[in-house]
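Peer 1: Given the coordinates of chain A, work out where chain B should sit on it, guided by the hints.
Protein chains: 2
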Amino acid sequence: MILKQAGKTKDVYQCDGMNLLLKFKDDVTGEDGVFNPGANHVGLTMDGIGNENLRMSKYFFELINQSGISTHFVSADLNDNTMIVKEAQVFGQGVEVICRYVAKGSFVKRYGAYIEDGQPLNAYVEMTLKDDLREDPLITSQGLEILNIMDLETYNLITKMTQSICKLIQEELHNHDLDLLDIKLEFGLNTQSNTIMLIDEVSTGNMRVAKNGIVLKPFELSQYF
Amino acid sequence: MILKQAGKTKDVYQCDGMNLLLKFKDDVTGEDGVFNPGANHVGLTMDGIGNENLRMSKYFFELINQSGISTHFVSADLNDNTMIVKEAQVFGQGVEVICRYVAKGSFVKRYGAYIEDGQPLNAYVEMTLKDDLREDPLITSQGLEILNIMDLETYNLITKMTQSICKLIQEELHNHDLDLLDIKLEFGLNTQSNTIMLIDEVSTGNMRVAKNGIVLKPFELSQYF
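Chains A and B are the protein sequences, given in the same order. Quick note: the first sequence, position 107, residue 107 per UniProt numbering, numbers continuous. Quick note: the second sequence, position 167, residue 167 per UniProt numbering, numbers continuous.
Isolated chain A, as found in the complex (with noise of 0.2 Å):
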């Protein structure tokens, strides 16, 4: 198989047909050797949690999947790490989708005058680029626009299309007496439905998640999926 790209937390390859292969990888974002869902470059490696990973993503995907929602997720082989996937094609050179249901990170860096860490925020949507040299700066919709990454119509669907993933994301975390506080996903385009999909993974590695207050770590958060 062709390597396609070499991600920071996964590898991947082209297979036959119109299908990609993720090989998910012990690598996680972070700053000095903490783990953070929000940072955007490698900052620890921490062994055997790319199968944490997939085996999360798996088993959120086959429910997104399952409620009717598309995603890009086919089949995953936990054995061997890997992933396979339909083909997508991202918006420009990436966009990410935030859903916060409580104030942390980079929203709290921002609009700090008016709002504290921890306080409240429904299912409230904001899209960011990909770039790490710029550190994924936000953008709004009439940015997208302009510069030809997303149209309106898009950046409505795909908010609305966030909204409903996590929402059950949220209620199957609350089932576990987990709360959701912010997610970060992605979306792609398949080229051959024309349809947008959700695509990357659902897992530790992009959701930050607390329990009584307190904000779980990687495999603290994995055991129960």
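A couple of the hints might just be wrong.
Repeated chains share a single entry, so a pair holds when one copy, or any two copies, can fit it.
[Said to hold, decoys possible] Here are the simulated DSSO-like pairs of lysine-lysine, each with C-alpha atoms no more than 30 Å apart in a straight line: (1) K86 x K104; (2) K184 x K130; (3) K109 x K23; (4) K167 x K4; (5) K211 x K86; (6) K4 x K104; (7) K109 x K58; (8) K86 x K23; (9) K109 x K86; (10) K4 x K211; (11) K130 x K217; (12) K130 x K167; (13) K184 x K109; (14) K211 x K8.
Please keep in mind that the hints were generated in silico from the structure rather than gathered at the bench. Treat the numbers as computed from the prediction; the structure is a model and nothing was measured.
Peer 2: What follows is chain B alone, placed relative to chain A:
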């Protein structure tokens, strides 16, 4: 008169009734002694620029008032560097509304992966929070709404007012063969009439203007008005 607020480029005094008096100063925003209308702290002092900015503001506020768009402008005293304005309630701790005709400054800093300095933008409007500490962060209409700074209806109204005002300013500059690159406006609520109006100033301090492709320095621009 009572000093209400010592600003970066203007001091604000409470007049009798509902009016305020703005005293234009010779301080301008910039960095390392270089003028930059996009900067958010005083970078240098330019003898006489307060008077130039007051004259230019008077010119443009009268033009905008005549077009039927509400502003806070009442009168100006060029001998005293003062302007009488209607009192306004700002949104939150103040919101800046930027209208861009050409990609410059913070827009390129954020979106340089997609656009180069100098590329055209078609009266693109974005809003930032006035917050020196957090370097005037960008905010979406949804963000303004969730932080109770501005509702969507007001956001849309201010966006439209901005584009109308900037079209007037752009046309006026064109008459002198000058090109408006970008401009930063402020709006406030006239609490007596409960209507939105343009506030602050319209001068060399809040616009980037070029002649034959060269960005003009404050005194080079103000001489036209």
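Peer 1: How do K130 and K167 come out at 30 Å by Cα distance, when the copy is not named: within, between, both, or neither?
Peer 2: within (24 Å within a copy, 33 Å between copies)
Peer 1: Within a copy, between copies, both or neither: which one fits K211 and K86 at a CA-CA cutoff of 30 Å?
Peer 2: neither (34 Å within a copy, 52 Å between copies)
Peer 1: Between the shortest in-copy and the shortest cross-copy C-alpha distance, which are at most 30 Å for K184 and K109: within, between, both, or neither?
Peer 2: both (17 Å within a copy, 23 Å between copies)
Peer 1: Please sort K4 with K211 into within, between, both or neither, judging by C-alpha distance up to 30 Å.
Peer 2: This pair counts as neither: shortest intra-copy Cα distance 38 Å, inter-copy 47 Å.
Peer 1: How would you label the pair K4, K104 (within, between, both, or neither) given a Cα cut-off of 30 Å?
Peer 2: For K4 and K104, neither the intra-copy (34 Å) nor the inter-copy (35 Å) Cα distance is at most 30 Å.
Peer 1: Between K86 and K23, at a C-alpha cutoff of 30 Å, which is it: within one copy, between copies, both, or neither?
Peer 2: Cα proximity of K86 and K23: one copy only (14 Å, versus 63 Å across).
Peer 1: I want to check one pair: K130 and K217. Are their C-alpha atoms no more than 30 Å apart within a copy, between two copies, both, or neither?
Peer 2: within (24 Å within a copy, 35 Å between copies)
Peer 1: State whether the alpha carbon distance between K184 and K130 is at most 30 Å within one copy, between copies, both, or neither.
Peer 2: Both. Shortest intra-copy (11 Å) and inter-copy (27 Å) distances satisfy the 30 Å Cα cut-off.
Peer 1: At most 30 Å between C-alpha atoms: does K109 with K58 qualify within a copy, between copies, both, or neither?
Peer 2: neither (32 Å within a copy, 38 Å between copies)
Peer 1: With 30 Å as the alpha-carbon cut-off, assign the pair K86 and K104 to within, between, both or neither.
Peer 2: neither (32 Å within a copy, 39 Å between copies)
Peer 1: Could you figure out if K109 and K86 sit no more than 30 Å apart (CA to CA) within one copy, between two copies, both or neither?
Peer 2: Result: close neither inside a copy nor across copies, 36 Å intra and 34 Å inter.
Peer 1: When no copy is named, should K211 and K8 be tagged within, between, both, or neither for a Cα gap of at most 30 Å?
Peer 2: Classified as within; 27 Å inside a copy, 46 Å across copies.
The structure shown violates the earlier hints numbered 1, 3, 4, 5, 6, 7, 9 and 10.
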